[in-house]
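Line by line, the protein sequences are chains A and B. Sequential numbering of the first sequence, starting at 193, is according to our numbering. Sequential numbering of the second sequence, starting at 2, is according to our numbering.
Everything labelled a hint here was simulated from the structure, so no lab data went into it. Small disclaimer: the values here were computed from a predicted structure and weren't measured. Even for Gly, the Cβ is constructed at its ideal location relative to N, Cα and C. Everything hinted at is true.
Some chain B residues flagged as far from chain A (calculated, every beta-carbon gap over 12 Å):
| # | residue |
| --- | --- |
| 1 | GLY21 |
| 2 | GLY117 |
| 3 | ALA126 |
| 4 | VAL263 |
| 5 | ALA278 |
Beta-carbon label-pair distances, calculated as ranges:
| # | chain 1 | residue 1 | chain 2 | residue 2 | range |
| --- | --- | --- | --- | --- | --- |
| 6 | B | VAL130 | A | ASP258 | 33 to 41 Å |
| 7 | B | SER154 | A | PRO257 | 31 to 39 Å |
| 8 | A | ARG254 | B | GLU174 | 48 to 56 Å |
| 9 | A | GLY301 | B | GLY84 | 31 to 39 Å |
| 10 | B | ARG187 | A | ILE393 | 53 to 61 Å |
| 11 | A | ALA440 | B | GLU174 | 48 to 56 Å |
| 12 | B | ARG187 | A | GLY301 | 44 to 52 Å |
| 13 | A | ARG254 | B | THR17 | 32 to 40 Å |
| 14 | B | THR17 | A | PRO260 | 28 to 36 Å |
Okay, here's what each chain looks like letter by letter:
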Amino acid sequence: MTEGLSDTARMQASVATRVRAGALRMRRDIVEMIGAAGSGHPGGSLSAVDIVATLYLGGILRHKPDDPSWPERDRFILSKGHAAPVLYAALAEAGYFERTHLKTLRKLGSILQGHPDCKKTPGVEVSTGSLGQGLSVAAGLAAGLARAQDVRPAAYNTRTVFVLLGDGELQEGQVWEAAMFAAHQGLGNLVAIVDNNGLQIDGACNDVMSLGSLADKFTAFGWEVIEVDGHDVESLYAVLARARAHTAGPVAVLAHTVKGKGVSFMENEAGWHGKAPSDAQVAEALRELPIAEEKGIQ
Amino acid sequence: MTAKATREALGETLVTLVEGGVDIAVVEADLSKSTTTAKFADAYPERFFNVGIAEQDMIGVAAGLAVGGQVAFTGSFAVFATGRTYDQVRNTVCYSGLDVKLTPTHAGITVGPDGGSHQMIEDIALMRVLPGMRVLVPADYRSAKAAIRAAASTPGPFYIRLGRSALPEIYSEGHEWEVGRAHVLREGSDVTIAACGVEVAQALLAAEALANEGISAEVIDVATIKPIDVETLAASAAKTGRVVTAEEHSVLGGMGSAVSEVLSEVCPVPTRRVGVADTFGTSGNPDELMVYFGLTADDIAAAAKELL
Numbered sequence: 193m194t195e196g197l198s199d200t201a202r203m204q205a206s207v208a209t210r211v212r213a214g215a216l217r218m219r220r221d222i223v224e225m226i227g228a229a230g231s232g233h234p235g236g237s238l239s240a241v242d243i244v245a246t247l248y249l250g251g252i253l254r255h256k257p258d259d260p261s262w263p264e265r266d267r268f269i270l271s272k273g274h275a276a277p278v279l280y281a282a283l284a285e286a287g288y289f290e291r292t293h294l295k296t297l298r299k300l301g302s303i304l305q306g307h308p309d310c311k312k313t314p315g316v317e318v319s320t321g322s323l324g325q326g327l328s329v330a331a332g333l334a335a336g337l338a339r340a341q342d343v344r345p346a347a348y349n350t351r352t353v354f355v356l357l358g359d360g361e362l363q364e365g366q367v368w369e370a371a372m373f374a375a376h377q378g379l380g381n382l383v384a385i386v387d388n389n390g391l392q393i394d395g396a397c398n399d400v401m402s403l404g405s406l407a408d409k410f411t412a413f414g415w416e417v418i419e420v421d422g423h424d425v426e427s428l429y430a431v432l433a434r435a436r437a438h439t440a441g442p443v444a445v446l447a448h449t450v451k452g453k454g455v456s457f458m459e460n461e462a463g464w465h466g467k468a469p470s471d472a473q474v475a476e477a478l479r480e481l482p483i484a485e486e487k488g489i490q
Numbered sequence: 002m003t004a005k006a007t008r009e010a011l012g013e014t015l016v017t018l019v020e021g022g023v024d025i026a027v028v029e030a031d032l033s034k035s036t037t038t039a040k041f042a043d044a045y046p047e048r049f050f051n052v053g054i055a056e057q058d059m060i061g062v063a064a065g066l067a068v069g070g071q072v073a074f075t076g077s078f079a080v081f082a083t084g085r086t087y088d089q090v091r092n093t094v095c096y097s098g099l100d101v102k103l104t105p106t107h108a109g110i111t112v113g114p115d116g117g118s119h120q121m122i123e124d125i126a127l128m129r130v131l132p133g134m135r136v137l138v139p140a141d142y143r144s145a146k147a148a149i150r151a152a153a154s155t156p157g158p159f160y161i162r163l164g165r166s167a168l169p170e171i172y173s174e175g176h177e178w179e180v181g182r183a184h185v186l187r188e189g190s191d192v193t194i195a196a197c198g199v200e201v202a203q204a205l206l207a208a209e210a211l212a213n214e215g216i217s218a219e220v221i222d223v224a225t226i227k228p229i230d231v232e233t234l235a236a237s238a239a240k241t242g243r244v245v246t247a248e249e250h251s252v253l254g255g256m257g258s259a260v261s262e263v264l265s266e267v268c269p270v271p272t273r274r275v276g277v278a279d280t281f282g283t284s285g286n287p288d289e290l291m292v293y294f295g296l297t298a299d300d301i302a303a304a305a306k307e308l309l
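Using the sequences and the hints given, assemble the complete structure.
What follows is the structure, given as structure tokens:
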């Protein structure tokens with residue numbers, strides 16, 4: 193459904209190159225930080241890399257890394273909080289904090305908790321980790337920002353709230369309470385992205401608890417639905433830009449992804465949902481994720 | 002002033018707060034008429050969100066409004082607003098330290114005929130163990146208004162326990178809530194009665210009855226359960242040497258437990274806890290249930306005499 197896009201919604205080639213390079217560094221960071229931590233969730237972090245990179249590095253999110261509370265910023269909520277490493281990698285890449293923090297992931301005293309903690313990490317809007325709650329929070333935030341804009345139209349530009357959910361997470365009933373609310377309120381500044389990697393801890397989502405057609409579900413709940421290849425940054429850019437521009441109501445972007453994407457032995461393996469790679473596995477993974485500059489991209 | 006329920010303070014106080022310049026939003030879950038948030042909805046529809054029968058979403062939406070900079074109040078009944086939403090309150094509101102104020106109504110057995118499914122007598126226990134959560138239990142309509150104002154002007158999560166049934170007037174007009182402060186409502190020397198909510202009026206009646214028998218009871222309104230006023234409680238316990246706690250809540254984990262926890266460390270004295278035994282509620286009229294569950298002034302006075 194990405195046909196008919198205007199040129200303005202196309203990612204410039206130089207930006208695409210930058211995002212791809214950033215995404216590659218993020219994948220390396222994710223593998224290394226989870227390896228160093230000795231625990232964590234690589235599979236669902238790697239599946240979301242291109243989505244999060246497009247948001248933070250591709251010019252979709254309006255934000256200021258040196259001013260995390262900038263009132264006019266767009267908001268991003270990682271509802272699938274166990275994928276914290278992908279958010280930390282993006283925040284470090286964007287400059288919210290020094291990269292040296294990444295190796296402190298999950299360690300005592302770290303600003304990088306096992307799941308996102310807004311009290312400890314610059315750039316984290318709200319703490320997440322218990323699944324199924326982020327869409328409600330995003331919807332409340334979007335409603336509040338939209339109302340503020342009605343009251344003080346001159347004070348703010350349109351601020352969009354992006355929220356990233358896992359597909360397994362959609363088994364939580366609260367997600368659908370929030371989906372009803374967002375459509376009922378006509379939240380045109382809300383974009384929910386589903387990292388549709390098809391796997392959850394106990395196996396394939398549709399073996400554990402069938403999700404049925406997510407497109408039909410969101411459509412039936414009154415949302416606009418756009419499907420996209422969740423690893424093609426140019427398509428992601430076009431779709432997210434279109435979703436952002438759609439102000440008649442909430443948009444669900446169903447991003448088709450591969451769990452563990454980029455590390456061959458992790459790809460499509462539910463076992464890599466919540467397991468840290470050994471030192472040898474980290475080394476093997478990094479061989480598959482060459483340093484961007486060495487590949488001639490930057 | 003005629004007797005009024007603490008819930009009647011909710012909608013109208015929130016309206017006055019907005020009039021006073023506080024950026025408030027209210028999220029309700031289909032109970033706006035019962036909780037009185039409908040008054041707020043009428044006055045400020047653009048600040049009011051009804052999520053339908055979806056309490057978990059109610060907490061999440063309130064959290065989002067708070068993330069956006071507003072002071073978010075939530076409605077519903079105590080039984081749903083704490084039990085059904087516990088993970089949302091814990092992991093999203095408290096863990097993030099958000100400006101969400103839970104102000105559910107219909108707490109305790111004085112809900113009456115709806116019965117045990119709707120009589121929330123575990124909420125103080127559930128809420129007070131959450132890091133960062135402040136727990137307030139107003140004893141009358143005026144103090145409920147004061148509690149709501151205090152929560153609105155103090156950053157962070159709050160739980161304010163409001164009730165359905167009318168309560169006699171305890172505090173005078175203009176009463177202001179000090180978070181963390183207990184109030185000595187009547188001085189005495191033989192026994193301390195520490196009460197909250199519905200039981201404050203009962204405690205004052207009990208003290209009067211005890212006085213007629215030559216027993217001097219000190220009555221303290223433990224209005225803030227968390228943070229609890231150790232100083233006031235310890236001073237009274239040191240003076241009287243005996244403590245009766247009285248609450249319209251399970252005797253497990255509520256105000257009586259909170260008082261016992263701190264006094265056992267700083268001023269251990271013989272104690273009796275008046276409250277609902279480890280059981281569910283049941284249908285009946287509030288007055289009948291007060292007798293049935295042993296929460297009347299007579300029950301408090303009897304507990305005091307056991308200690309003498």
